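Chemist: What follows is the residue order along each chain.
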Amino acid sequence: MTKILVADDDPLARQLTGRVLTRAGYQVFTAEDGLQALEYLTRKDGPRLALLDWTMPGLDGPGVCRKMRALAEQPYTYLILLTSRESKEDTISGFEAGADDYITKPCDAEELKARLRAGQRILQLQDKLYHDARHDPLTQLPNRAWFLKKLNDCFARTRERHDFLYAVLFLDLDRFKCVNDTLGHSAGDELIIAVAERLTGCTRQDDAVARAVDFNGPARGSDDFLARMGGDEFTILLEDIGTPADAAFVAERIQRSMAAPFTIAGQQLEISASIGIAVSGPEVKKAEDILRFADMAMYQSKACGGHQSRQFAEPVTPAV
Amino acid sequence: MPDVLAGEPLRHFRHELRTPLNHIIGFAGILIDDAEEAGRGALVAPLREIHAGGLGLLEAMQAALPPDMESLDRAQLGQIAEALRPRIEELLGRCRSLEQTGAYAGGEEGLEHLQTITWALGEMTNILTRGMTGPES
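These protein sequences, in sequence, are chains A and Z.
Here this note's numbering is used: the first residue of the first sequence is 1, the next is one more, and so on.
Here this note's numbering is used: the first residue of the second sequence is 1, the next is one more, and so on.
One should not assume that every hint holds.
[What the hints assert, rightly or not] What follows is a set of in silico ranges between Cβ atoms, one per label pair, in the way DEER data are often shown:
#: 1; chain 1: A; residue 1: K149; chain 2: Z; residue 2: R48; range: 26 to 32 Å
#: 2; chain 1: Z; residue 1: A63; chain 2: A; residue 2: A24; range: 37 to 43 Å
#: 3; chain 1: A; residue 1: L71; chain 2: Z; residue 2: E89; range: 28 to 34 Å
#: 4; chain 1: A; residue 1: A133; chain 2: Z; residue 2: G41; range: 50 to 56 Å
#: 5; chain 1: A; residue 1: A133; chain 2: Z; residue 2: T129; range: 40 to 46 Å
#: 6; chain 1: Z; residue 1: T129; chain 2: A; residue 2: E111; range: 27 to 33 Å
#: 7; chain 1: A; residue 1: R144; chain 2: Z; residue 2: E8; range: 36 to 42 Å
#: 8; chain 1: Z; residue 1: A63; chain 2: A; residue 2: K128; range: 40 to 46 Å
These are computed hints drawn from the structure, not numbers from a lab.
Quantities reported herein were computed from a predicted structural model and do not represent experimental measurements.
Glycine residues also receive a C-beta, built at the ideal position from the N, C-alpha and C atoms.
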């Protein structure tokens, strides 16, 4: 059931609009002022459709629009000003504040419902854009951009909690180019999808996109992240791990999961992976450092023949 | 009331009138839905007249107070009030008659809706009489 917020300081107007929308199959939430409206709209699972009166105590409808539009991290919310103010200046100023639509009271119930359906279509498009911007189209895993965002968040957390430990696993398939060269790029894509599924199977899925790794170990409330960086490269961000050994445990688990052959284009393929592991520490000066360290460790694995995991170790600087 | 309403006060006055109109049209619509859903077709026609009367008042108000109107003086307001008053009175009469005869569906809730329409019609008269006062909506 689609949630919708009706914010109006007039109880009769709330009752009237609420009734129309309830009967149209919406789950209606009501707010009697702008601050209450904002509180509903910023809830994690709050309504993403809202009908806002213009004049309300505390914060008016356009004020709610401006505050909502200033929240960059918020999923898009479709905001409609439903007001008795009908001048062109008000309409323009409402849209400038961030409203998506502007309806003048009294409004026809059928027109209101049709406009809300249009709003829902916009939200669906927004959601698709948001999803596509953060996901790899081949595997539907989080993409590089989203991974870097999560990594930055994680790095920021180390400043708040000095005992906060996290790790990055950088995985690259061994001899993937041979698959593309001998079986073709479609087979290569098929293999990437199959590997993504195996890797996902190594993780505990908390929701549609973020995947928490089950360490069977001392990890606490982990919210870890599997992503495809591009080509045959995957990364996993392990948040809030107990010790560096937890990261090695996950890498080992992935190596085991890769042991069984893959059936691609009707052929059995034995595919191995090289994994680099980097754990947070004082040498990580910015978020990208840990990713670079994991990448370097992965190349060390490759240099040693592949099909293994290596933990990043800072090169020893020779004493002068 | 000032002798001339212009700018924001005029906009305020216009939309102050729209608030009760919203209630009249909206609650009449609800009463029609309830009567239809209760299978009480005989009640629908008089309710439709109230609904149509509300829409007629909206139309008349919009004609008398168009959004591009720049100012309104006391004499013009008097003329508008005089033009709207008989329509309001007529609708009030219809509502009271339905209230007295119990010719509405939805029980207590239906009565409340009807009383809301009656109240909103009275509110329109008050707004026209006193000019620009009362809270915005």
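Chemist: Now, for every hint given, state plainly whether the structure supports it.
Modeler: Against the structure, the hints come out as follows:
A hinted range of 26 to 32 Å for the beta carbons of K149(A) and R48(Z) is inconsistent with their spacing of about 57 Å. Range check, A63(Z) to A24(A): about 31 Å between beta-carbon atoms, so the 37 to 43 Å window is missed. Separated by about 50 Å at the C-beta atoms, L71(A) and E89(Z) break the suggested range of 28 to 34 Å. Between A133(A) and G41(Z) the Cβ separation comes to about 54 Å, which falls inside the hinted range of 50 to 56 Å.
Under the hint 40 to 46 Å, the C-beta atoms of A133(A) and T129(Z), about 58 Å apart, miss the expected range. Checked against the hint of 27 to 33 Å, the pair T129(Z) and E111(A) passes, with Cβ atoms roughly 32 Å apart. With their beta carbons about 52 Å apart, R144(A) and E8(Z) fall outside the hinted range of 36 to 42 Å. For the pair A63(Z) and K128(A), the beta carbons lie near 45 Å from each other, so the given range of 40 to 46 Å is met.
Consistency note: the structure conflicts with the earlier hints numbered 1, 2, 3, 5 and 7.
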